[in-house]
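There are 2 protein chains.
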Amino acid sequence: MNCDEILREVENIVWPKKLKLFTAGPVACFPEVLKAMSFQMFSHRSKEYQALHRDTTLRLAEFIEAKKATVLLIPASGTGFMEASIRNAVTPGGKVLVTIIGAFGNRYREVVESNGRKAVVLEKKPGEPVLPEELDEALKKNPDVEAVTITYNETSTGVLNPLPELAKVAKEHDKLVFVDAVSAMGAADIKVDEWGLDLVFASSQKAFGVPPGLAMAAVSEAVFEKAKNIPNRGWYFDLLKYKKYLEKQWSTPSTPPIPQIIALNVVLRTIEAMGGKKAWLDMYARRAERIRKGVLDLGLELFATPGYYSPTITVVKTPPGVKGVDVYNKMRERGFEIAKGYGPVKEYTFRIGHMGYITDEEIDELFKNLKEVIEELKQK
Amino acid sequence: MNCDEILREVENIVWPKKLKLFTAGPVACFPEVLKAMSFQMFSHRSKEYQALHRDTTLRLAEFIEAKKATVLLIPASGTGFMEASIRNAVTPGGKVLVTIIGAFGNRYREVVESNGRKAVVLEKKPGEPVLPEELDEALKKNPDVEAVTITYNETSTGVLNPLPELAKVAKEHDKLVFVDAVSAMGAADIKVDEWGLDLVFASSQKAFGVPPGLAMAAVSEAVFEKAKNIPNRGWYFDLLKYKKYLEKQWSTPSTPPIPQIIALNVVLRTIEAMGGKKAWLDMYARRAERIRKGVLDLGLELFATPGYYSPTITVVKTPPGVKGVDVYNKMRERGFEIAKGYGPVKEYTFRIGHMGYITDEEIDELFKNLKEVIEELKQK
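As you go down the protein sequences, you meet chains E and S in turn. Those letters in the first sequence? Residues 1 to 380, per the working numbering, in order. Those letters in the second sequence? Residues 1001 to 1380, per the working numbering, in order.
Source of the hints: derived by calculation from the structure; they are not laboratory data. Among the clues, some could well be false.
[As the list claims (entries may be wrong)] Mimicking DSSO-like on lysine-lysine, the simulated pairs with C-alpha atoms at most 30 Å apart in a straight line are:
{"hint": "1", "chain 1": "E", "residue 1": "LYS125", "chain 2": "S", "residue 2": "LYS1241"}
{"hint": "2", "chain 1": "E", "residue 1": "LYS18", "chain 2": "S", "residue 2": "LYS1047"}
{"hint": "3", "chain 1": "E", "residue 1": "LYS241", "chain 2": "S", "residue 2": "LYS1125"}
{"hint": "4", "chain 1": "S", "residue 1": "LYS1095", "chain 2": "E", "residue 2": "LYS241"}
{"hint": "5", "chain 1": "E", "residue 1": "LYS18", "chain 2": "S", "residue 2": "LYS1035"}
{"hint": "6", "chain 1": "E", "residue 1": "LYS330", "chain 2": "E", "residue 2": "LYS371"}
[To be verified] Some chain E residues flagged as far from chain S (calculated, every beta-carbon gap over 10 Å):
{"hint": "7", "residue": "LYS67"}
{"hint": "8", "residue": "PRO164"}
{"hint": "9", "residue": "GLU225"}
{"hint": "10", "residue": "VAL325"}
Where a beta carbon is used, it is the ideal one built from N, C-alpha and C, also for glycine.
Please model the complete structure; the sequences and the hints are all you need to start from.
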């Protein structure tokens, strides 16, 4: 058997048929990003790697407006930074106010508790955001929490939290602010320094349209200062160690996922070539609007509270009697991979991801098919 | 600026000139592996991903002879599993016997201590392996340790520890055996069940010749059983959570590095097509011998104790008056990226990695140039 046959065998496993991806992530990557993934490897202790790491870090810092905060790249999924935030910047046994608007807020609670800290929970109904006055009230009731966690964009419900306002409230109470921006960074604006975010993290495989395997974050000086007095931070997610390697050699303590870093660099340069952050975010905003309009034109309802729609994923209520999973399966048969409903609203929702490499023509095709599928399922 | 220009810009950062790689890792990847890295992405909750994960896991389990143990793939570098072994299977405050024969044994000590456990150290001089009778003696003196850590192949000194014999001793003392096989798996034989290894882990970017970003391990039932009673295991490296996701859906709790898993699958199929594990390990053994012979033919000395030579990296003593880093720099000027000396022996050694995509012709060219470089440097 030769190499081409082996490649075809494996391709048949992962791509048995062509699918247009409207997933919650990993998302379809831009063609140039996929080309960049196949660059030959090299040592992460070489000066070439240092140049790559430095350039990528600086470009990302500019994109998320982190001049004071330190941008870190780590070999992990986004959840790695969730764990890092708690192990580095919350005292063992200490309290964290975890705001929950869906499945990923709930994950933060699990991370807090499984690392021996206590979670105080502010939970909203699925589809609703956290409002600044609610956070203020919760912090007044719980003045002893050390930090607040916020899901910027909740992938399970399609809700974008009002992050700048929430961060402002948390800062008024002098709390550290940890932000899960996994499905937000790259599509929803982030101004790390101005908004006072202490740790805001994301993953490569979402709005930047890079394959999975890399997590990125901006970390404030306050987190590093606090970490100095936190015992048992561990090795793998020790943020002080990451900072040391960054300052010493523009690298990471253990081997980084070089292909994904190269790919992210290509995306950040593409953004620059497109005209910068605003042009890129506008592209996402237009795409999200086109998708929401498509949903409404079919007579379907959006799940999220108006005014808090996600720029990266739209959650749709199914018509009475139609199951979300049936819409998913029927669309798959027609060559479209949307995302199933998730968590408690799984049964009667489905999700349309907007991230990565998606053309307007594909969106139009999606809705043409979705219309037929919904009609079929209603008649059953 | 178009996409091709952007790709060329980035390529100029990471590959400003062509280099033949004899690195300690990441290593040069086989051409078919690089092609596999550029497959389009897809959801890790799809049935296609499940098929990929299952197939890769089963092939790796066969390669390392893990029928009883569970093979896990995680989004991390190898060190992630180092941390996982301690957090999941050693009681907080409990003791671990850490055997150290170089820099990576020392890393295991750091991981133990930074996670709030106590390290009892058995340390050998650089270049020497741990001998079974030494381990036996250390365990007699420290009957209260819960586990023993062993670096199978020490990348900093080029020494392969006698793993089966060491594991046998540890098992006679009824201890858990954790093995750092990062630079061994794929080139040195591993028989997980037969040797009684409780957690043996590696990284994608070493002897399998896949880009970095993926860690693989086999984990024994004893580790999972012990984990059930260990508090504060955390979320990201909670091995019980990984096991649950594997059993429930052939996937991982958070998003896996799909390109590296595809690439590993391609390598495992290539190994099968070559005739299986023995043929692949023989290729590495022949390559290692060719490189050691090349070193000796130049009148240079090997750093490792005879009988314990690494199959993946050869550490070479420089002649009197010649610095390791000068050899590295001169070879780089000639288009060869070897590895600098590492740790306490950095000054008067250099290292030649044998892993990944290297042809016999490149090895011959390496030594032709190395000969000239050594002569130049001696005359200085």
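Hint check, failures only: none
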